[in-house]
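If you read the protein sequences in the order shown, they are chains R and L. Residues 227 to 399, numbered by my numbering, are exactly what the first sequence covers, in order. Residues -13 to 787, numbered by my numbering, are exactly what the second sequence covers, in order.
Source of the hints: derived by calculation from the structure; they are not laboratory data. Wrong hints could be hidden among the right ones.
[As the list claims (entries may be wrong)] Capping the alpha-carbon separation at 27 Å, the derived lysine-lysine pairs in DSS-like fashion look like this:
1) L:36 - R:250
2) L:84 - R:240
3) L:107 - L:84
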Amino acid sequence: MQEELHIHLSVNGKAHDCPVSTRKSLADFLRQDLKLTGTHVGCEHGVCGACTVLVNHQTARACLMLAVQADGCEITTVEGLANADQTLSVLQQAFKETHALQCGFCTPGMLTTLTELLAENLNPSEEEVREAITGNLCRCTGYQPIIKAGLLAAERMRALGDEIMTPFGGPSR
Amino acid sequence: MSAAGQMDVHWATRSLPEHERPGKYIGSPVQRTEDEALLRGLGQYVDDLKLEGALHAAVLRSPHAHAKILAIDTSVARLMPGIVKIYLYDDLPESAKKRLPILVPNPAIQQVMTQEVLASKEVLCVGDPVAFVVASSRSLAEDACDAIAVEYAVLPAVADCLQALNPSSPTIHSDIASNMAAHVKMGFGDLDQAFALAAHRVRDTFWINRGSAHPMETRGYAARFDPATGDLCVWSSGQTPHLEKKNLIDVLAWHPERLRVIINDVGGGFGPKVMFYPEEALVAHAAHDLGQPVKWIEDRREHFYTATQERDQWWEMELALTAEGIILGLKLIMTHDNGAYLPWGIIMPYIGVTTTPGPYVIPCMGVDLRVVYTNKNATSPVRGAGRPQAVFAMERIMDKAAHSLGLDRSLIREINFVKPEQMPYNNGFIYRDGKPMVYDTGDYPRCQAMALELADYANFPVRQAQARLEGRFIGIGFANFVEGTGLGPFEGATVRVQQDGRVTVLTAACPQGQGHKTIFAQICADQLGVPMSMIDVITADTSTISMGIGTFASRITATAGNSVYLAGKSVRDKVLALGAFLLQVKPEELSLEDGVCFVQSNPVLRKTFAELARVSQGMPGFSFPPGVTNGLEDTQYFSPSQSTYCNGTAVAELELDTDTGQINIIRYCMSHDSGNLINPLLVDGQIQGSIAHGIGNATLEWMRYDDEAQPISTNFAEYLLPMSTDVPHAQLVHLCSPTYLNPLGVKGAGEGGTIPAAAAIISAIENALKETGLFLKEAPLTPPRLFEILHESGFFKRSSA
């Protein structure tokens, strides 16, 4: 097996064309090679969800995916979630207001997971938000403020309608 | 303010309107200052440090619970790609060849066994470090670990703490004569008389396994040596920067003024990160030895093997009561599985037994505490620190007594509560802080009443009868606790007005998500009349403050918070004194607002904090006028005279699926009294989060070992943490009994949610099954275990009959 392969991918809207070790996980590639340390590694076996990133707008465990598998993909990490003017996104702002983070280690995965949910469903029920984050462990908050943040963000995004821009650069559905 | 510096007002309740709050910020649910960076992925956790030229380490660990090391061959591994150095015991400096110090010694400890930095000749548990491999990358270091050949002679391992006390049991270490680490007998009052007079005696034995803390970020360390200055800087994902520094000075024989520990963002702690671990010494030593930065980040499997846990305890209890249900006395034999080492002494089991009386008057009590070595990972406090077990055992025996006497569970508690008029109340023990356990303030009967009212306990029988008609098993249970918080000896803070007019707070307090920076900014801002946005808080850097203890035992707001308060007040006085001198008025004619000191009657006469700070820095050669001193800064080390005791009541209502053993919590209510609340938003967050941890302890989390002491729950599929669907929204109600033990009147709030949870939930499960007469004696009750208990009890035979 080749030890290194050349990959081409976009991360948070920026193109990267680089060699990468074939044994390197996407999480390690983002953290070590691109210095994007917002993606956290909590368990390295795909359970805790801290490393969740968006691969072509879909959530994926960056600890279970090899960097070479991301060749040709469009990746969004927590560093790419803020609005274009660098203000906090509606979801990030809702997290702040509802005290939905304490240590902050699981937060990037929570944010990417709920970003995916809100891109698909701007009118989720409490149960749907709760269900959406079952793949993300949090040891600090007891989850309730995170669910509240998801619902608050959905409500605000509905009110904003077409004005709201998703992290993927287009209006939300 | 009174003359003693005590706050006159009890602002307490979370709904206090703004105009009644004691300050602009204190008592207000302000949003956290920490969040902005964390939400953008810009946190600085230890693995996020970008150290130029850093090397990466991996640890080769013992696969055996007990073995002699006969030989280690690194000849193949040494030559593998990227390998810089492999350290074995013999490669360590002499100062690191001793066993690690015991962090909290106690004369009751009969045989001290602590870990070695690297095993010299005998490994005592799975995960003991044997070799430390430094390479250009973590993966190459791990590859080399696989290529190191270690020849072991496997010895018999001790897996069970009760069997460990059997005289024929093997010992955990060849040099140790018995597995009894400490045997403490203590108590108060005349037990024989109490039991002779008793109309009722109720006894039972309980087993509790509490698992580990599992912060989402594992442990990790990085270090860099600067040959130009001789400075060694160590970054850690810890809870106790000064404690780590103290240990590094000893283990590396380092100059105290040339060693600095910095703890930036930490992804959760909950207890185990308080300990000093071998890897920290190894990383620091290698960084010096190799002249290059070194980093080691624990993986989750290692965390299961090596981060301390709480694990197994056995509680044998016997309660003596009058015919009316008044407690006369309590006997307790508690056996604690401490694992192979005593890093934190016997603190955790000691806290456990002394917490047993809780909110009840217990006239006499006898304790036989047996702290036992086993060939397992060491134990030390995890959120709750031994108290959840004590509350579980005590509340279970109270429930059993209620059933025996035909009393409602709430009534037997009411009969025995310490009443508010008995405060301050001495429960008879000497606490873990070395002081008599004197409950300072609180209203336990009211706290229980508030929680039961919130849970609509009175009407539960109607709900339960209705559910049974529908074929559903619902139950309600509750538990009370009293928790010693705000432990000494001290935690300090410096408040300094900088030359740009901004204010800095420096403290050794070490946050892992609690929101310390926000709390300290709130407290400081109110003293100095500046907006919170003008305050920078720097925590957990040993170079900024000379002494510190660390973050554990729900102690930081009560200790460091009060230091910020006192230092802030003192700096306020300095600002006023200097302003009065420069503006030629009396200090009492001045006001402070938005970082400006001005004359109330003529606000045009003013000096900004920046101007005052520059004056206070002095001009070369010029003396200060009388009454003016150098620097607008002060350092305080608030030292409480004893712990302050918070309390609360948790009520769980749940439905049990008897076919699967799965529970669904329908409603969870809690009353909580932690004195004055600096930030109710953050206190509620602490309680909701710690309830989640308690739910894990009640029904999910079980750190399991086989008979050879091999850990068999070493990933998040075998060891379950609560998910979002396991944790309900908790309804909270606060009572506020400010303490007189510190000027802010605050008590700890970080663990109260965890402590009574398992007791309340398991009481509720039992209540759901009340027709069966089952008495539940263990925690956790995982769904399979609960199903098994139902099966063994003949429940399914009965229901199919």
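Hint-by-hint comparison with the structure:
no.: 1; hint: L:36 - R:250; verdict: holds (18 Å)
no.: 2; hint: L:84 - R:240; verdict: violated (52 Å)
no.: 3; hint: L:107 - L:84; verdict: holds (13 Å)
Checked against the numbered hints given earlier, this structure breaks only hint 2.
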